[in-house]
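Chains as they are written, first to last, in this note's numbering: chain A, 1 to 357; chain B, 1 to 315; chain C, 1 to 56.
Hints were generated in silico from the structure; no laboratory data involved. Worth double-checking, as some hints may not be accurate.
As the list claims (entries may be wrong) - Pairs of lysine-lysine residues, derived as DSS-like cross-links and limited to a Cα-Cα distance of at most 30 Å, are as follows:
id	chain 1	residue 1	chain 2	residue 2
1	A	Lys220	A	Lys294
2	C	Lys2	B	Lys298
3	A	Lys83	C	Lys50
4	A	Lys294	A	Lys341
5	C	Lys54	C	Lys27
6	B	Lys194	B	Lys282
7	B	Lys194	C	Lys34
8	A	Lys294	B	Lys93
9	A	Lys31	B	Lys144
10	B	Lys144	B	Lys298
11	C	Lys54	A	Lys265
12	B	Lys20	A	Lys294
13	B	Lys194	C	Lys27
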Amino acid sequence: MKLIKIDKKSLKEGIDKLKRTYGVFGPVREKDEFEFKALGAAEMPDFSFSNTRMSPKAIVYPQTQLMFTYSLNDADDDCRILKEVPMDERPRAVIGIRPCDALAFPLVRRNFDTPEYQDTFWVKAYEATTFVGLACNVPCGTCFCTSAGTSPFGKEGLDVLLVEDGDDLFAEALTPKGEALLETAGWTAEAGGGAEEKITALAATANEQISSTVAFDNIKNREILELYNAPFWEEEGFSCINCGTCTYVCPTCWCFDIQDETYGKSGVRMRNWDTCMSPLFTLHASGHNPRTKKVERVRQRFMHKLKYYVDKYDNGIQCVGCGRCVRLCPVNIDIRSICNKMNNFDSEACKCETASS
Amino acid sequence: MTGYTEKIREIAARLLTEGKVDRVIGFRKGTVPMMNQPHYVTSPAMAGELIWDSHCGLNLANYVTDRKERIGIVAKGCDSRNLVTHIIENKIKRDQLVIIGVPCTGMVDRSKVCALVEGEITSVEESDDAITVSGNGFSKTIAKTDVLRENCAVCTHRNPVIHDEMVGEPVAEQTGVDAYASVKKVEALSPEEKWNYFEDLISTCIRCYACRNACPLCYCPTCFVDESRPQWVGKSQDPIDVRTFHLLRAYHCAGRCTDCGACETACPMGIKVREFTKKLNKDCFELYGWEAGLTLDKRPPLDVYKTDDPDDFIR
Amino acid sequence: MKNLLEHTGIAPGRLHFSWISSAESTKFVDVVKKITEEVKALEPALNYAKTEPKVN
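Let the hints inform the model, and build the full structure from the sequences given.
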């Protein structure tokens with residue numbers, strides 16, 4: 001393991017160099033919260049954040065993405081032919097992404113980049129991106145990454161991991177992409193002895209601070225219908241207002257909706273994030289809607305993340321433990337409680353009455 | 001406000017024991033500090049799950065829309081006004097409801113509290129007029145009046161306007177507050193400044209529709225933004241489509257909004273969406289002397305025609 | 001209607017209301033003429049005109 005040391009004072013110099021090669025994204029304070037933004041010439045990533053309010057998924061997968069344009073003018077040679085909207089394929093670098101959010105990219109990739117299908121928009125953007133992580137020295141009370149496949153110092157999904165230690169940053173290149181980025185930034189000074197031990201100690205302290213966990217070891221062995229028909233959905237789903245907050249702030253929610261917008265004789269085809277919380281999500285063209293009740297939609301979201309995904313990919317849950325939905329759900333529906341409820345559910349023992357809706 | 005919890009539990013247990021209601025809707029303690037969850041209990045044994053404190057900002061009237069059973073519902077001033085509106089609009093029948101009135105001294109704005117401390121808040125305690133928040137290495141007591149939600153700070157209907165039970169003595173109503181101060185500030189701007197003010201206000205909107213869905217007034221079977229035939233408004237992040245949503249959402253609340261603030265409390269992006277509805281509330285007050293949900297005996301102004309309705313705008 | 005639109009930055013004078021009976025053709029013509037003149041004088045309101053979606 002080769003460790004690089006970066007003096008925080010020279011951070012700007014390195015990032016300025018990066019900006020010549022990469023579109024650089026980083027956490028910046030916006031109004032009262034942090035968000036990932038493309039950094040302007042004078043802007044620097046602000047590492048004083050705990051985590052950003054929105055996840056960084058939009059860097060690869062924007063909320064609205066123009067996919068194609070078309071003409072409806074018969075006089076045009078390309079009338080009624082979809083033309084792909086050119087993408088910015090310049091290399092981009094995300095500086096300061098947290099390990100939980102980084103894990104979300106390989107997770108979402110299972111959906112967008114399969115042997116049968118490649119979502120070219122997502123794949124191109126993903127491949128153009130170098131992920132520079134920032135380890136969490138101080139995780140929040142709503143974090144549960146350690147039981148969701150990563151940890152405050154987790155490396156999966158990252159090209160470089162940065163660790164903050166006072167006035168210094170330690171950087172470890174994890175992939176050739178990461179090595180190239182460190183090279184470009186001119187961050188090459190090797191960290192002296194003791195760095196590894198320091199990082200191990202910081203990681204141990206951070207791990208200890210993770211105060212909440214989810215368990216899903218039993219979920220895989222349960223029948224889908226047993227969980228699907230569990231009586232607790234009615235009670236747990238009661239407070240849901242069916243807004244899209246949980247899905248939009250989630251780094252692993254990947255669903256989208258395709259829309260055409262036509263203006264006179266020309267138009268665009270775009271996709272927008274969609275949310276399974278909306279009745280429109282499942283509305284068929286016939287007018288039939290298989291999920292008319294809100295509790296069915298709440299169940300769908302958790303069953304997808306915690307059961308269907310688990311069964312399909314055999315690779316953990318579709319959640320990285322970032323805690324955004326826990327913090328931002330207007331009615332405090334908590335995926336941790338739901339996951340544990342699903343895991344501990346015992347249909348034999350459950351004699352509780354099914355609440356009427 | 002301390003002591004309300006016990007009283008709510010006691011009333012809920014009694015109503016359920018006596019079989020007067022099928023369920024009682026209230027709040028249960030949330031899993032993160034300063035968050036509570038709308039919840040229902042169906043048996044006296046469950047009544048202990050209900051709680052009350054200064055973090056019950058959502059509007060429970062939202063949870064009775066079109067329900068058929070008999071419901072006991074915990075209602076602070078604004079919730080009770082929305083129950084009145086619901087009854088007037090035939091979304092629930094008066095005799096289905098046992099309204100458990102809660103005199104209210106205002107709900108706390110979580111983001112204001114968070115802004116006052118460095119670090120993550122891990123626990124919160126509350127006394128009558130102050131809350132104490134603590135986290136790793138800090139503890140701070142804050143006067144509730146300093147961190148009230150903006151709608152609560154200017155509220156003049158803290159006591160339930162309609163109730164069958166009360167959990168405490170009525171509280172003194174606030175006097176001398178200017179409910180429309182924020183609107184007046186915007187009114188003084190030029191058209192261009194106004195445009196930019198709202199452009200900035202909604203710039204972070206992610207169109208999750210939490211504002212709409214937290215609102216008891218928004219019960220249309222299909223919202224205009226969700227219609228696809230015809231499609232009234234685009235669904236992308238285009239700023240004009242986003243603004244159209246906010247404008248039309250507000251119009252649908254004209255003469256009905258009680259300024260309960262659930263929309264702002266629900267917004268994950270901290271957008272002051274009340275800036276839209278508040279203007280309509282002010283107009284309704286100035287043109288018709290109307291504040292929504294105060295009485296079952298009057299039809300709302302946009303529901304009736306009177307010969308002396310203001311018509312200066314027509315020529 | 002008019003108040004909130006103007007409150008959010010649509011210039012006053014763009015939205016007009018009138019009550020015209022089907023028998024009042026001359027009033028209709030007058031009102032339309034007057035409104036057209038007034039709105040033309042304000043120049044196009046480009047900020048609330050969508051020609052194509054503007055997204056990042």
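Comparing the hints with the structure gives:
no.	hint	verdict
1	A:Lys220 to A:Lys294	holds (25 Å)
2	C:Lys2 to B:Lys298	holds (25 Å)
3	A:Lys83 to C:Lys50	holds (21 Å)
4	A:Lys294 to A:Lys341	holds (19 Å)
5	C:Lys54 to C:Lys27	violated (41 Å)
6	B:Lys194 to B:Lys282	holds (17 Å)
7	B:Lys194 to C:Lys34	holds (26 Å)
8	A:Lys294 to B:Lys93	holds (22 Å)
9	A:Lys31 to B:Lys144	holds (24 Å)
10	B:Lys144 to B:Lys298	violated (35 Å)
11	C:Lys54 to A:Lys265	holds (18 Å)
12	B:Lys20 to A:Lys294	holds (27 Å)
13	B:Lys194 to C:Lys27	violated (34 Å)
In this structure, the hints that do not hold are numbers 5, 10, 13, in rising order.
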